[in-house]
Every structure is written in structure tokens, then in C-alpha cells.
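Participant: Chains as they are written, first to last, in our numbering: chain A, 36 to 378; chain B, 36 to 378; chain C, 36 to 378; chain D, 36 to 378.
I should point out that these hints are in silico values taken from the structure, not numbers from a laboratory. None of these values were measured; they are calculated from a predicted model. Among these hints, one or two may not hold up.
Identical chains blur together in the list; that is why a pair holds if it fits in one copy or across any two.
[To be verified] Derived lysine to any residue pairs resembling SDA-like cross-links, with alpha carbons at most 20 Å apart:
hint, residue 1, residue 2
1, Lys-102, Val-39
2, Lys-230, Ser-204
3, Lys-150, Lys-236
4, Lys-41, Gly-75
4 protein chains.
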Amino acid sequence: MLIVMKPRATAHEIDAVVDLITEIGLRAHPMPGATRTAIGITGNEGPIDGRRFENLPGVAEVIRVTKPYKLVTLDLRPDKTVVRVGGATIGGSELAIIAGPCAIESREQAFAVAKTVQKSGARFFRGGVWKPRTSPYTFQGLGDKAWQILTEIRDTFGVKIVTEAVEESHVDLIEKYGDVIQIGARNMQNFSLLKRAGRSKVPVLLKRGMAATLEEWLLAAEYIMAEGNYNVILCERGVRTFAQHTRNTLDLAAVPAIRRISHLPIIVDPSHGTGTAYMVTPLARAGIAVGADGLMIEVHNRPELALSDSAQALTPAEYAQLIEEVHAIRNVMARAGCGLNAS
Amino acid sequence: MLIVMKPRATAHEIDAVVDLITEIGLRAHPMPGATRTAIGITGNEGPIDGRRFENLPGVAEVIRVTKPYKLVTLDLRPDKTVVRVGGATIGGSELAIIAGPCAIESREQAFAVAKTVQKSGARFFRGGVWKPRTSPYTFQGLGDKAWQILTEIRDTFGVKIVTEAVEESHVDLIEKYGDVIQIGARNMQNFSLLKRAGRSKVPVLLKRGMAATLEEWLLAAEYIMAEGNYNVILCERGVRTFAQHTRNTLDLAAVPAIRRISHLPIIVDPSHGTGTAYMVTPLARAGIAVGADGLMIEVHNRPELALSDSAQALTPAEYAQLIEEVHAIRNVMARAGCGLNAS
Amino acid sequence: MLIVMKPRATAHEIDAVVDLITEIGLRAHPMPGATRTAIGITGNEGPIDGRRFENLPGVAEVIRVTKPYKLVTLDLRPDKTVVRVGGATIGGSELAIIAGPCAIESREQAFAVAKTVQKSGARFFRGGVWKPRTSPYTFQGLGDKAWQILTEIRDTFGVKIVTEAVEESHVDLIEKYGDVIQIGARNMQNFSLLKRAGRSKVPVLLKRGMAATLEEWLLAAEYIMAEGNYNVILCERGVRTFAQHTRNTLDLAAVPAIRRISHLPIIVDPSHGTGTAYMVTPLARAGIAVGADGLMIEVHNRPELALSDSAQALTPAEYAQLIEEVHAIRNVMARAGCGLNAS
Amino acid sequence: MLIVMKPRATAHEIDAVVDLITEIGLRAHPMPGATRTAIGITGNEGPIDGRRFENLPGVAEVIRVTKPYKLVTLDLRPDKTVVRVGGATIGGSELAIIAGPCAIESREQAFAVAKTVQKSGARFFRGGVWKPRTSPYTFQGLGDKAWQILTEIRDTFGVKIVTEAVEESHVDLIEKYGDVIQIGARNMQNFSLLKRAGRSKVPVLLKRGMAATLEEWLLAAEYIMAEGNYNVILCERGVRTFAQHTRNTLDLAAVPAIRRISHLPIIVDPSHGTGTAYMVTPLARAGIAVGADGLMIEVHNRPELALSDSAQALTPAEYAQLIEEVHAIRNVMARAGCGLNAS
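If we strip away everything but chain A, and leave its shape as in the complex, we get:
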């Protein structure tokens, strides 16, 4: 932390800052300059809330130097994390594909889609059991009934089940019947839920919040890891901007940015990231080209009848074409050795 004083700050004002630093148990290092004095702070173990200094007389600016996270960082663990789910992996050389409908609507629908997903070589099947919906008057998911269907799908198709936990009790059920706990964008800072997921042995897929900075997102991962669960997969799914041509703005720069800071694997969700079927394939290609470890894709056997997110679901044929294209790009990148490792 560095506190920059105003050009005309008095010796008295500088002393008052130094005294407050001392009072909260830290060490102050005043550095007088030509026009102004800066005061360095050391002796802190975790991050300090430097905002307390902002309103003191004579203070011009408070500058934070150290980053507030630790377990997520490459400093702590220089090698990339590879999350293993049975035989499948996320973050290694394998391209991870998580595909399926937005929500489980019926046995017929789920089986039709699961067949498509398995055929494509994807190892993960997604399908919502409980749907967090903006309006209380729209389809909220099948709940328990969906679990029976998902269990059958796991047995029949040998795919791993990824489903969203909307409350803590859902984590119990996913531990019993599923393979990966998804934390949705709306719950990225639901800290009770993060802590519960952190006490689980099941890997956690953590979506970025709608307006979350990378720091907030990584700190949400830190909440999970601080409880002991190190198998966290980050998922970029677009952020809210002024744009109207797309539901969210997919922020692909997050992928290299996360790689620079963290060892955690990161995948991209172009379905929620765009909200519109015709954009999903181009942005899926871009997600792989930017260096993501995998994709989450919504597929539906009959998108126009889907009970939720119908505009962004791909048909089985569109999905098959997408898979072909992203593998082609991934192969080119593997040959070139680009973008796949922490930098």
C-alpha cells in the first residue's frame, strides 16, 4: 500500500497518517519527494483496506500494491490445475466439452439431446434441474424428477453430469447423483453457497458474475478453495454492457488475463455469452482460438419448443458442425503450441 499526500500536505497531516498506520499495527515508511510525500506501508499479512486513509486531511490518493488473493495464483502453484472427473479432464490436453439443454424438460427431450452429446465425443452433459429464472412466473425446472432422468442418462451414455446448485441443499444432491457442481452467474457472490461447495469433494464450475471484475471472480474461487476444494473450473459467460446486438458481451480477453494470474482452468460459454444461436458457433471458435480449456454449449433436440433459453440453443446438426470446427482449430493450436499454458 502506498499513500500519496497532496503537494501542500503539512508535516502535521503526514504525521497523522503515520500515526494511524501505527495504531492499526503496521509500519509506515514516509518517502519525501520533490513536490509531495508518499508513505509506504508494510507489515501486513493479508490485504489492508486502504480506503480508510482516503479521507484523512492531506491525503491525495491511496494506491494498493499487493493483490488480495493467494490460493488461486500462479505464485502459489506455478503449474496449471487439471481437474479430473472420472476419466475425463478439464485443463489438460483434452478439449473439454460440456453440452446439453438449458433445463431437463422430459425424459424424451433429455435422452434425445444426450445421444447427440455422446455421439459428438463430449464427456460432460449439462442440464438444469432447478432453474434460477428472472421472473417467478416462468418455468423453474423439474426438480427431483429431473434427477431420475439424469441418473439414467449417466448410466446409459457414460457422460458426466454438470448441474447448477441454486441453494446449499442442492449441493448434497449433486454430491449423490452428479459429477460437477455449477455455480451460476447470479450466485457468484452467494458466499454461503460458495463455502458449501468448498466443503464438497465434487469439482465446482464457477461462472463469472454479470458485472464481476476478474478480481471479484477470482476471490469467489478463493472462497471455495479456502474451504479445501481445489477443483475449481472458471467459466466466462459474458458480461453486461450497453450492447444490444447480443444478450451479454463475451469477454474473451478474460482468458489470457486469467492465465497470467491463475493456475485454474477456464472454459467459455458462448451460448449465454451471446444469447442467440447464430452467434454461438463463431464465438465458440473464437473461445478455443483465444486459448480456453473447453466450452459449455446449449443444445436442444427442438430449440423452438425449449421451455427456457430457446433462442440460444443449437440444433443437433448445428452442434455437430460446431464440434467439428472447434476441434480443427484446437488441433492447429496444439501443433503450434499456442495459448494453452499459463504464461
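Following the hints, position chains B, C and D against chain A.
Facilitator: Below, chains B, C and D without anything else, positioned relative to chain A:
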């Protein structure tokens, strides 16, 4: 809902849209125009997810006509809601002031601040028991110990207690020991928590999410009301933008916009809305001038030692000055009769 | 400028940074810490582009310490600037009202509105001569013909004329026939136009760009002042965000933030800031309450027939009511002495 | 245009809307529904400013149906535009690479970079002659001296010269000495400059404004085309959001979105889109994978000494590697036939 076809849409494509509308149980009303056909949809009880039509061949645009909420609207209830908490009110002629520290840190701190709050004539005391913090390594609130302190404060000063529920079990405790359940910005779409608050008899103060549209915010209120709790107070606390001079961008246009749609009272939180003490008083004045029903203000007996949000807390003297100024503006407005009723 | 090295930066990497600092003519001050070294830079006269250091091996972060502007700052001129236009002032004790139609459409329209404006006690009449419109197919202003009308209005009603310059040649005309040069949001970084206005003796009203940070806005003012024209008035007119209930998001926190940094007067434009007539009056009140030096308001004798911005123009009656309300609030504030001076 | 009345709108209010429609020369088509009436408008040739209806009594919402542009659309010209510059093309099967330094700083620098660019097979050399800089105190470009250098480079290396026009007189010079007129993000709505470029015979590269919607961007292109110059190339260069890990947020969804509406070629600028060298190559790959027609890349022979944008310039070696990777991805896409045509 209105579906606008492309200029060269074929009769076949138009028929396909009409058929899908019929298949999902609604009525289609094709309206041929000079250059293109539009198809109206009626027969729906709640809102329809019109996005399913977007990818059909020949469709240019899908336009939603009806709004997705009902209980929050002036259509349903033309008179403004006045929330009563004991003898105090929010939404009526009284200016509601909710003030106190970000978090309860100690008996001494809480009592010192409560005295200041009571003296100012404010009827509501805020103070966090559990703090949802971005980092797992920062102060998380005193928890149960804070309840003892708050209970004493309620008895001693006669103020109503407003505190945030971070998980469902907290609602039980607020029902026992508090007066208003606060739902924070990060939990605005934590639907389990909203439903739990909706089953309570205690009023709910619902903060706007960091990047929530008015529609999403009102639908979150609708979740609470749909469970039977009609005593909802909205709280504008700033949204996330590119701005760097302020922690959030306080969106005061939300106040007249909400008034146009909803009967619910709305207050403004300039402390979180700006994140910086020197801006709190000017924006508090602006909040009252724009027509808000009240304010939520952070005060601390010694802001520079506060364990959270220290940069935005006012000193007792700054707070007293703020209260004086906002009452003067409110009085002017009451005399002019402006901005206080639903338009 | 402060360069923070990574925890494991080598002595060699630190030396390379020091060498580059020296190579570009500045002085380096390495400060070794417990876990990492920081390197201070001094000797620069203007701001340094510190981004050049970001990609050097071993560098973790580059932190700018000094602000890049000088003429706009309170450091340079501690007293608030009062811009004088004939007998009228902006930035002093007088509340400055600039009102009129979006564009001059006809003699009848302009005279009808000017009468309303004069009657309200406003000293400034606005009216577009050339309209910068998003589409090339919409009304672009009357051009030269509008000048005749404005000249008559100036003579008849004794009001000062504020009009937007869209290109450099317009500044010549405003110097001849008008009183204040307006630079619109779309041209806030049209540096040729800023420099031309800076060489004028006529005051300049500089609107904030649609997505401009305060720093960019103040640097645009700095461009004008660097050419010798110190009579600059800033105008907050809303920024672009994800919000859909309002055309722009009026950022009233900009008012106290500018006050903290700059001696320049600042006014608020709630007409463009909201884009909707029913919001203009509440946000005008808020603008005055937050401490702005004045308002810019769109009025039309018959808004529903206006050729541009019809949705945000007030009727004469609505405008008269607005003026009454804002004066009442201003009076309260003057009595309390709040928000009107640089802090 | 569709005007939706409120549920309780009176017959009188409906008539008033119909009358106003008639008064401005259009035809009204009232369509009574179960709960509310909608009124269609026809007879307009260009777009109507529907906002004028928003404040009429009884009006709930005004819904625009037709899009406001024409020359840019696929409706007008279903085949993709291929812009030809001498023997080079943008928008065809060739991958267009525009590379060079941010600004021409010296003959040595420019020649060193031009050699790298030519060697990579790129056909276009960029280099700023006049630099629009946020601060008046930073390097503003070499001006006329840069033209001599660029002319020599064109002769020596056979590359096409792309440079930014900051004012109308610059267009004259580019017509004489250059090959492509660049309009920068800050000038995207400088309509005088757009019109001047529209009267030129030289192709125009139009960068997206910092907070421009696609509609505003396409209308800026429409300004150029309406004057007769149909050789417009769009360039996505990132938009401003709350993100702090990147200078701008590169909006790659703009590429498929533009493809859906317009026949104009579109390229991506990952240098300005990210602002940081380590992100440029991954985002360049993503830009090609999403289907862009080319890239604009900043290269410098010694980035750490660059006088502007030093943090985002690639070294010659990094640039060569980028070119190799993007060609590999482009080849895969060409084989798969994906993303390259208007959809």
C-alpha cells in the same frame, strides 16, 4: 408479443410461425403490410418467452409488448404502498432515514453510533451482523454476538433494526430480533433467499443488483410479493459502469422510473452509491430532490478505524449536517407538492 | 510513477528497468521491500506514459501517481472560475439556466420558446443551428437561416445565445452572432475543434462524451485552455450504460468529483441525461441539489411536433414549474451554504 | 412503427394519437386488442422519430419496426463487398493484415517496422501522421514530416499506406500520398469528417466508437456511403466497459452481428482492443476464428521506447509468430468454409 417478418419472408415461412404459435397454445394474428407482415400473439396469461421465435426462417424481429410483472405495478395497485414498521413508516409523508455503521464491530462502537442516529431523529438503525465480503480474508461480521448488541440498542434507543440476511437462516433471526430484512445487491437474484423473505411477515428492503435492469429488480420484488409479503422497499445503491471517480454510479433516474411503474416505496443509498465520504452528502441531497422516500446512510463514530467500508462512512458531525440539509430540501418539496407521488 | 516488481524479479530485471528509466531521461529510485522491490520515478515535467514499462520482464504493475492535467486544477487556481457572458454569469452565486429547443425549426417556433425562456428569468437561450444526427436521413438543422432567427431573438429578448459548433467554421459564425460555443458529446475528443475553440475569445460549454472518464473530460478542457481560452463551462449530460429505462445515465457524482479537482463551473443537462420528459424535472432538481452551477433544459412550444429530440422536450408549463422548483431548492442550499464551493 | 396504448387508454386518447400521426403526413392503423389497443403507422419513407409519441396521454410504449439504415444492408446488396486497394483486397478470400507502428516517429523506426511488415506478407502498412491524444501534453505525431517517410516506405516496400485523418484537410493529403483513410474511434460521429471521406475516392476504414452501438456504427458508415464512397471497411477495436484487466473490451460478437446485417467487410484491432501486448496474439487468433476479414496490428522495432501506445505494440518476433498462427487458423476455416460469408 409481435413478430415482424423479413421483407422477403415467404408465405410458407409465415405459416410456420403461425403454426408454432398455435402449437404452444396461443392465437396468431397475421397483419400483412406494404413491405412486410407482422404477426400479433394473444391468448397468453403470463409473459411468453418470445426468443424462441427469433431463429425461425423469415423472422426479422420479435417485439415484446406486455411487461412481465404484475404485483409490483400501479395497474394492480394505483396507490403508493406505505410500509409500516411499528410507528415508523417508509413511503408516506415521513422522510425515512436508515443510518448506522456498515457492520456492528463492538458494543462501544454500536452504542456511540446509535446515539448519533437517534439524536438526528432517524427511526431506523442499520448495522451488519454478517458481512458478505468480496474476499474471504476480510472481516466477516460479528455474527451472533452482534444480535445481543442490536437487541440492547433497540431497547435503549427505540430505533428499528435493519440488517442484511445473507442466507435463509438469517431471516429466522431477523424475524426474532430485528425489524426489517435487508437483501443485498449481491443477493438480488438469490431466489431461494427472496422466497424465504417472501414467506416472512417482516418488511423487506431490496437493494438493486450491481448490474440489474429495472425489470430484473422489479421481478426480484415480484418473487417476494408472490409469496405473500407485500411490504417491500426498493433501494437504489448505484450500478457498475466504467466510471472510476466513484465506486458505483448512482442512478437517480431509477427513482422517477420506478414511480411510473410501481407502487413500492424507493429509497437511495448514497454511501454505497458513491463509496466516498465527500460525495455522500451532495448525493443524499440529490436523492431527496429527485423524490426518493428516504435514505440509507453509513455513519461511524471513528470512520478511519472502521473494519469495513471505512472510506464511505460519515463522521457524526458530517451526518448531522446531512440530515439538516436533506430535511430542508424535503420541506421545500413538500410545500411544492413535487415528486412524492406516483405519476 | 511507481513500478512494482514481481516477488521473484531478479536483480538483472530490476536493473533493466532502472536502465530504461535512465535512458528516457528520468531518475530511478529502487526501494527493496520484504517480498518485492518498487521503483519510484522522478524528474519528469509532464506525465510519463508508464505503459511502456508494463511488458518488461519482472514487472508486476505500473502505478501512476501524478495526474496528467494542470490548467484545470485547483492546485493551479484555488478559486472557482466565474464565466461572464455580458451581464450574466455561470459559476457564481447566480443559478445559470440555458433553455430552448433542441433545434431552431422556424421563426414562429423559436420566438414562442424564447418568450417562455425569457419570462422564466433564464439568461441563456439554446437552439441548434446545425444538428449532429446519428442518421444521415434525419433533420440536420436549418443552418444559416437559423442565424437570422437567433440574431433577432438576441435583440428582441436580450438573451445570450448558446449554440453547438460541429466544425471549425461554425466557431467563426458563433463568434460573430452568438455568445457561447457549445462542444457536443460526440465531439468531446475532436481535438481540432477543441483547439479552434481554444483560440476564441467566446466562452466554451464542453459536454462530457458519452463514455468519457472525468480525466478524459478534463483533458479535453485542458486542450481548450492550453490555447488560451480559460472560459470553459463543463456540462454533465449522462453516460452510456446498460440501463434501458433512460437514454443515458446521468452521473451526478461527477459534480462533487469535478469540484474536488477543478475550478471550472459545471452544469447539468437532464434533458439529454434522461431523454424522457417525465424525468427531466426530478433530475433537474437533483442536479441543483448536488451542487451544479446551472442547468441546460430543452423546451418546445409543441414538443410532439419537434423535429428532433421530441421525447425529452418540456412544454412551456412544465418548464415554468421546473424553474420554480429548482429555484426553491437553490435558495435552501444558499441559506445552508452547501455544495456550491470547491471543496 | 407501433404505438401501444395503456390498458385504460380512453377512446379520446387513442384518437389524439391517430390525429397526430395524420398531422405529420402518415397513416394510422388502430388495432384494438383484448386489454389494449396498438396503433400501426405506415406511409413513412425513411425512419420516423417515434419518440414524439412517448409522452402523449395514454401511450404505454413506442416500438420501432424498421431499421434506420439502407445502403449498408444486405437487403440492398446481398453480396459481400470486396474493397480493392491496388492489387490488395479486404473482404475477399485474402486475409487482410494492416500492420505498423502507432505513430511514425523517425525514418529509422518506420523503415525497421516496414521491413518486418513486408516480410510477413502483409499488404498494408499503418502509421500515424497526426495522433489524436487524450492529453494536449503528449506526443502528437510528426505531421508533414511523416508523409515523406511514408512515401518512401510505399515506394520501397510496395505496401499500401493506411493512416488516420483527424480533420478534413488530412483527407486531401491521404488522397495524394496514402491509400486508405482511417477514421478513428473518437471521430466516429464527427459527421463533417465522415462526409468529407464520403466524397473521396479512397477507401475508408471506419473504427467503432468507444461506446457505439452497432446501429450508430452502421449509420456512421451510411454517412460515408450516402456521399458516394462505397468502399468502407469496418474495424472493431473494443468498447468501454467496467473491465479493468484490459484497456477496452473487444466485442467479437460484433463480427457475426455485422455479417447478418451488412455486406461491408469487417476487421478486428486486437492492439487497441486489449491495450496490452500479451493479449494481442490470443485475441488476434480469436478475431480470425470468429470470421473477421482481417486484422490491424501494432508492431514496433523497440516497443519499450515507442512514443505512444508502447504497452500494446508487439516486437517483430511476436508479430511474426502471430501472423503464422492466424494464417493457420484461417486455413482451417477456409477448408471448413466457415464464418467467412454473410449469413
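Participant: The structure should be examined with respect to each hint, and the outcome stated for every one.
Facilitator: Hints, one by one, checked against the model:
no., hint, in the structure
1, Lys-102 to Val-39, "both (19 Å within a copy, 12 Å between copies)"
2, Lys-230 to Ser-204, "both (12 Å within a copy, 15 Å between copies)"
3, Lys-150 to Lys-236, "neither (28 Å within a copy, 48 Å between copies)"
4, Lys-41 to Gly-75, "both (15 Å within a copy, 17 Å between copies)"
Hint compliance for this structure: hint 3 alone is broken.
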